[in-house]
Amino acid sequence: MNLLARYAECIFWMARYMERAENLARILDVQETFARDSKGDINWFSIVQLYADETAFFERYSQATAETVIQFYVLDPQNASSLTSMIRAARENARILRPWISTEMWTQLNVFYNKLLELKPKDVSARGLARICAWIKEECQTHTGITEGTFYRDQGWYFYQMGKYIERADQTTRLLDIKYHTLVPSVGETHPDGSPQDVSQWCTVLRSAAGYHAFRRVYPRGMTPATVAGFMLYNEGFPRSVVMCVRQIDGFLTRLRSRYSLRRGSEAMETVDELLGALLSRPIEAVIREGLHEYLDWVQRQLILITTEIGQAFFGLEPPAPAVESAPAPSQSQTQGQSQTQTASP
Amino acid sequence: MTGTKAVDLLSSYDSGVYFDELFGKPGMEAAHTALIRERLAAIDFDDLRRRAADVERELYNLGITFLVYSEKDAVDRILPFDIIPRVISAQEWAHLEAGVQQRVTTLNLFLHDIYHDQKILKDGIIPPELVLGNANFRPQMVGLDIPHNTYIHIMGVDLVRDRYGTFRVLEDNGRVPSGVSYVVENRHMMQRIFPDLMQGIGIRPVDNYGHKLLEALYEIAPASAGGDPQGALLSPGAYNSAYFEHIFLAREMGVPLVEGRDLVVENDRVYMKTTDGLSPVHSIYRRLGDDFLDPKAFNPDSLLGVPGIFDAYRKGNVALANAIGTGVADDKAVYCYVPRMIKYYLDQDPIIPNVDTRICREPDALRYTLDHLDELVVKPVGEAGGYGITIGPRATKAELEDCRAKLLADPANYISQPVVDLSVCPTMVNDGIEPRHVDLRPFAITGSKTWVLPGGLTRVALKKGTLIVNSSQGGGSKDTWVLEDRA
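Protein sequence lines correspond, in order, to chains A and B. Here the first sequence stands for residues 0 to 345, where the numbers follow numbering that gives the first Met the number 0. Here the second sequence stands for residues 0 to 486, where the numbers follow numbering that gives the first Met the number 0.
Mixed in with the good hints there might be a few duds.
Calculated pairs, SDA-like style, for lysine to any residue (alpha carbon to alpha carbon, straight line, at most 20 Å) [unchecked claim]: (1) A:LYS114 / B:ASN60; (2) B:LYS272 / A:ARG263; (3) B:LYS272 / A:GLN333; (4) B:LYS272 / A:THR307; (5) A:LYS114 / B:GLU55; (6) A:LYS114 / B:GLU57.
Calculated directly from the structure, the hints in this document are not laboratory data.
Take these sequences, add in the hints, and give me the full structure.
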């Protein structure tokens, strides 16, 4: 049986929101623990920049302090990219998908969300943040594990995986982009091996992506901006590297189309292939020389394009009017799928 | 209460003048529940309470909930579940099953008749204006033939038991009756928390409801579908208060749960939008009222329906369960005539009698109702969910006067019935076990023939003394056990 287009979209976005939530929890956690600038202060504003949320943030708060940034990203129901909002969005999708996903997937998300709603602002103060972030990260990983162990492998599985890896690739490029520019104000000025302060900052980047130990295994000595960026972009064994993610997207999309003889999706396929080819053809030194930010921005736009093309091919979404984009791409979000209608019981 | 055995609580239990579902009544002791009573009495009250708390948490975690809308937002609520079961003997059930089958058969004959020759109207058994002038009568259905002449594929019959132990029909539900998911889920809950109580009792299973429903959907699918029709469940969406039930049934049947926007009609055929484009749909269990089904044929403002689906239906390219236009058969005014219909179509007496009902559109009945307002239950004919009901003996003077004014303004909108002393069942309350009123909604599925799910939904009025069991009015539910015939 073919998958209902709306279900495919809900599955795709459920996976994306869960992946995004896990990444945000990681970033908040590591920020609190490791990310201190030369004066020993934590630069909380960098998180707002990371997600290109400056406008939304300053509509609600006047200053980026530990307190405001944490509230904004953990509990704030009006911030669509807060953890609470993302888990709510994931749960709403799961609620729609209950006939399709396993009972265990639904129950875990339902219980997780209900626990999240019980959190009070005092529970997520800077002091309690690490504990809360660890808990959220674990719940997201539990979701991933339950999904792996119980989700029936039909078309839905492929859309889930594509959503997860597109989001993961996007998160890695964002993390790398903002950290690189926070740490390397103008390329070429810094010491090639990095000051001790820089090294600790690069450790933070790697820890945010759970990549520190893996990096050390590849580069036992030293740490330069180029090796860290190269590792996060291109490493073939690191589960959060962009290349690793795009290979996964490529594999799942190919198998989805062939196994179910789906006629659509060739545009998305071409874009994925093109992205993968581009990623594999440029050494990191050349990328840095020509501008890492521009490169990462291009990768993000390709991921957005892939999402759009997947939507048009499989979710029944009409092509949108062409939009002129110049600012950093904000995080994408779901367009249809979720029911907007409210009715009384018939 | 620590250490109190249920037996202590049950020994001081007093069901008063009401018929008791666990104990029966002096002269009519419930012999079939003896073993269950004995086992129940052996369980410590704290243990019972713990099990009740476990169930509540589990229902919430599983999201077996319905949405309640407040001014600000929608809240998930569980339907309160009482862990003490309601037990029906094999003999009682044989009687009820036959009665429900008789009723479903009759209403289907009635619907076929009024949408074809209208003999029952011509023979003066039912006032024509009551049928033809009914808001739920669909002129579009006149002359249309549908598979097996079955209109009501899914029926819920609300039964109550009076103080003499007689079951009576309180209401028919022939449009989109809900509650069957709770029947199956309640049983799952009981199996998890009360294996000791259920062991060896011989309880008839309820978990094949989805299978029977899918079978019926296949039986009514158009021949053009071939041997492998595509079924679907059409839901108003995730914000509908019965959404859990829609999920449950779609999952049990293994069919997609679709919303109106997932379906399109092309060349009078219905398709769903899939990842590989349009895919045909042949048989639809729709949980959407007639009004919302097709903005082109019915309410043009409906955003939930599928434009053109009625034309596809009329041409026999898609089956709908229930059929369009069944609302005229479960109307509270038409209800009064069902015993006469049974006589007319089947030449039988009703196996399960109605509650004595007066139709206020008839002058004598109106006069009687106005004269005995403080003794009667007055119900508007068009409302569901227990809304708009005045229970005479419990109403204040002002409420009675309000009711009188409404009756005089629009008598045809009301019926009246004596207060039925609903039977009671032992129910867990804060500090013990007390009698609470219950009703019973058996569910029947009809494709080419009628099958009745053993038991049904027992709803319980959790508030002391109240007779209204509807979930929207604070009611809960119990597991309903039909015992196997071991004779």
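Hinted pair LYS272 of chain B and THR307 of chain A, Cα distance within 20 Å: 18 Å, holds
Restraint check for LYS114 of chain A with GLU57 of chain B, where alpha carbons must lie at most 20 Å apart: With Cα atoms ~15 Å apart, LYS114 of chain A and GLU57 of chain B stay inside 20 Å; holds.
Straight-line alpha-carbon gap LYS272 of chain B to ARG263 of chain A, limit 20 Å: 13 Å, holds
Straight-line alpha-carbon gap LYS114 of chain A to GLU55 of chain B, limit 20 Å: 16 Å, holds
Restraint check for LYS114 of chain A with ASN60 of chain B, where alpha carbons must lie at most 20 Å apart: 11 Å, holds
Given hint GLN333 of chain A paired with LYS272 of chain B - CA-CA distance at most 20 Å: Holds - the C-alpha atoms of GLN333 of chain A and LYS272 of chain B are around 18 Å apart, at most 20 Å.
No hint from the list above goes unmet by this structure.
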